[in-house]
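*Asks:* Each chain, letter by letter, is given below.
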Amino acid sequence: MDQLLDRIPCGYLTFNDEGVIREVNERFCEMIGCSMEKLAGQSVESVFTPGSGVFYQTHLYPLLKLKNRVEEVYLSMKSASGKKIPVLINALRSEENGVFLNRCIIVQLQRRSEYVNQILQAKKQAEEISKSKEKFLSMMSHELRTPLQVIISLVELLSEELNGDALSDEAEYLGMIKHAGKDLNRLIDDFLNFARLETGYFDVNTEVVVLEESVIRAVMMMLPKAEMKKIKINRREKSDVKVMADPDRLQQILMNLLTNAIKFTDEGGWISISTRTEDAFVYIDVTDTGIGIPSDQQEIIFSPFMQVQTESAGKGSGYGLGLAICRQLAALMEGDLTVQSKPGKGSTFTLSLPLSGSKRTGS
Amino acid sequence: MENRILSRNNVKIYGEGEQSILFAHGFGCDQNMWRFVTPAFEDDYKVVLFDYVGSGKSDVKAYNSQRYSSLKGYSQDVIDILDALELEKTIFVGHSVSSMIGALAAIDQPGRFESLVMIGPSPCYLNFPPEYFGGYERDTILELLTLMDKNYIGWANFFAPQIMQNEDRLELSKELEESFCSTDPIIAREFAEVTFLSDNRNDLPKISTPTLIVQCSNDPIAPVEIGKYVHSKLEKSDIEVISASGHCPHLSHPEKTISVIEGYLRSKNK
Numbered sequence: 118m119d120q121l122l123d124r125i126p127c128g129y130l131t132f133n134d135e136g137v138i139r140e141v142n143e144r145f146c147e148m149i150g151c152s153m154e155k156l157a158g159q160s161v162e163s164v165f166t167p168g169s170g171v172f173y174q175t176h177l178y179p180l181l182k183l184k185n186r187v188e189e190v191y192l193s194m195k196s197a198s199g200k201k202i203p204v205l206i207n208a209l210r211s212e213e214n215g216v217f218l219n220r221c222i223i224v225q226l227q228r229r230s231e232y233v234n235q236i237l238q239a240k241k242q243a244e245e246i247s248k249s250k251e252k253f254l255s256m257m258s259h260e261l262r263t264p265l266q267v268i269i270s271l272v273e274l275l276s277e278e279l280n281g282d283a284l285s286d287e288a289e290y291l292g293m294i295k296h297a298g299k300d301l302n303r304l305i306d307d308f309l310n311f312a313r314l315e316t317g318y319f320d321v322n323t324e325v326v327v328l329e330e331s332v333i334r335a336v337m338m339m340l341p342k343a344e345m346k347k348i349k350i351n352r353r354e355k356s357d358v359k360v361m362a363d364p365d366r367l368q369q370i371l372m373n374l375l376t377n378a379i380k381f382t383d384e385g386g387w388i389s390i391s392t393r394t395e396d397a398f399v400y401i402d403v404t405d406t407g408i409g410i411p412s413d414q415q416e417i418i419f420s421p422f423m424q425v426q427t428e429s430a431g432k433g434s435g436y437g438l439g440l441a442i443c444r445q446l447a448a449l450m451e452g453d454l455t456v457q458s459k460p461g462k463g464s465t466f467t468l469s470l471p472l473s474g475s476k477r478t479g480s
Numbered sequence: 037m038e039n040r041i042l043s044r045n046n047v048k049i050y051g052e053g054e055q056s057i058l059f060a061h062g063f064g065c066d067q068n069m070w071r072f073v074t075p076a077f078e079d080d081y082k083v084v085l086f087d088y089v090g091s092g093k094s095d096v097k098a099y100n101s102q103r104y105s106s107l108k109g110y111s112q113d114v115i116d117i118l119d120a121l122e123l124e125k126t127i128f129v130g131h132s133v134s135s136m137i138g139a140l141a142a143i144d145q146p147g148r149f150e151s152l153v154m155i156g157p158s159p160c161y162l163n164f165p166p167e168y169f170g171g172y173e174r175d176t177i178l179e180l181l182t183l184m185d186k187n188y189i190g191w192a193n194f195f196a197p198q199i200m201q202n203e204d205r206l207e208l209s210k211e212l213e214e215s216f217c218s219t220d221p222i223i224a225r226e227f228a229e230v231t232f233l234s235d236n237r238n239d240l241p242k243i244s245t246p247t248l249i250v251q252c253s254n255d256p257i258a259p260v261e262i263g264k265y266v267h268s269k270l271e272k273s274d275i276e277v278i279s280a281s282g283h284c285p286h287l288s289h290p291e292k293t294i295s296v297i298e299g300y301l302r303s304k305n306k
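Chains S and Z are the protein sequences, given in the same order. With the working numbering applied, the first sequence covers 118 to 480. With the working numbering applied, the second sequence covers 37 to 306.
No lab work stands behind these hints, which were simulated from the structure alone. Careful, some of the hints might be misleading.
Below, simulated SDA-like cross-link-like pairs (lysine to any residue); rule was C-alpha separation at most 20 Å, straight line [as the list claims (entries may be wrong)]:
id, chain 1, residue 1, chain 2, residue 2
1, S, LYS201, Z, LEU181
2, S, LYS184, Z, ARG71
3, Z, LYS304, Z, HIS267
4, S, LYS184, Z, LYS93
5, S, LYS195, Z, ILE177
6, S, LYS200, Z, ASP175
7, Z, LYS97, S, TYR400
Generate coordinates for the entire structure from the input sequences, incorporating the hints supplied.
*Replies:* Spelled out as structure tokens, the structure:
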């Protein structure tokens, strides 16, 4: 061993493609408390902890062989006394006289390892808190929905009891209760959907869907709201494409996009829906002449509980869950939801979904 | 051809032959790991390579924790690819965990497979003394999972995406991802759990497809005893022990690996 290598303040180890240790420096011997004579000829895995041995076989060696180098691989070595030594390894693979040799620089990092453990622990705790929060949300939504459903049903019964006196004060009050109840129900649905999506307990059942039918259904359902604001909804050239989607979830996304478009478009504006196909996907563009979204907020709107923060956007209500849910639903259907927008000019939300294929199985 | 499946699994096709041969990578790598072996088959076979969802250049967005919570989800990937390419009677070559993934696909649709080649297979990596010794205690697998977390800590989506908005940081993440065969950290962790915590011992007798087991003489992950155990449980199997150390003979000893596979396929054609 070169004297210089013995003096460097880190471990040095070489092994061949059979995983046999050829050389080590003095620092490495000190690190694991074993002599050069004992180490030479041993399997390189013998200096790793069992888990590191698996990582060596499944990651480190294949990468060295394929890329001839690996950088900053975090492993644990075991000392002769059985102590675990966290290390960082950089390795190079090169050929010398027809024989491949893997050279490793091994840096001991006890303190850094402790910091990393703390980060991982904090991450785990954060994930557990997040899961508890989602479970709580889900449970609360169920608990709220049951009495709310009773209220709405009883209000409907009471409305029928009024015998058609639709203009009475009582009828008006009942209408307001019913309306508020339905709004609350929709909000609870959003919370439930969001909680389920976050916890991964959300099923989408994809099937072949005629896109035009879903689009027309969504437009028809949103027309009364649009007409109240004198907003025109224009369905551009009709399409005969079929997509792989969960019809209910597709409907939910389209309704959400149209609701937002109506909400953020001034009276007399317009909304258009167009479709185009590219490769194996269909792209559904919902364009409005609304207030638009500043460029720095165009991604934020897809994060839960986030809404556009501008004065003009203050007119909308809600909890900023709709688009977060829609994007996740699109992803579950192997599509995506994106936006392009200019403040003051309007926005185009684009939903992409896979076109249906004749040979698709399973999902 | 079903473009979406082919792009989802980054399917690549080489070679001129009629008979298809599908190479499936193991845990921790991608289709690149076959690059020393597949050129030898391109003259006589239609060579199909792919990446499992979450590995290599697959479409990570297609990952679904529920689907891939068992090896069955990965075996469905294999069947999807056969469907997309309209392949029947394919030779399946699987490394490590892919041996069992291919086996599950062959149990599900035996007609689709001409033969299976299992390189370093193990139906169960955990010890269940006294009747079965897969080689690992649960603690070792937990240590591996922690090591993976420590190695993946710099990846873009290891933490919530909001934390990783910094452009420089994204570039650093990209480098890190490339250095680990581009697997997503969460998917890689879940793949590790599925790989090392699954128990498919009861599936072995259900495999009716002729199978070659390729075993390294000194494989710390899947020792010779495990190869022999698999051999003893299969209806129609041969076993070839290569004199080599390690778990990846197709990387460390590609010529020997090619030779035993070719020899087996020739003997099947006689």
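*Asks:* Just pull the numbers of the violated hints for me, sorted ascending.
*Replies:* As far as the earlier hints go, not one is violated by this structure.
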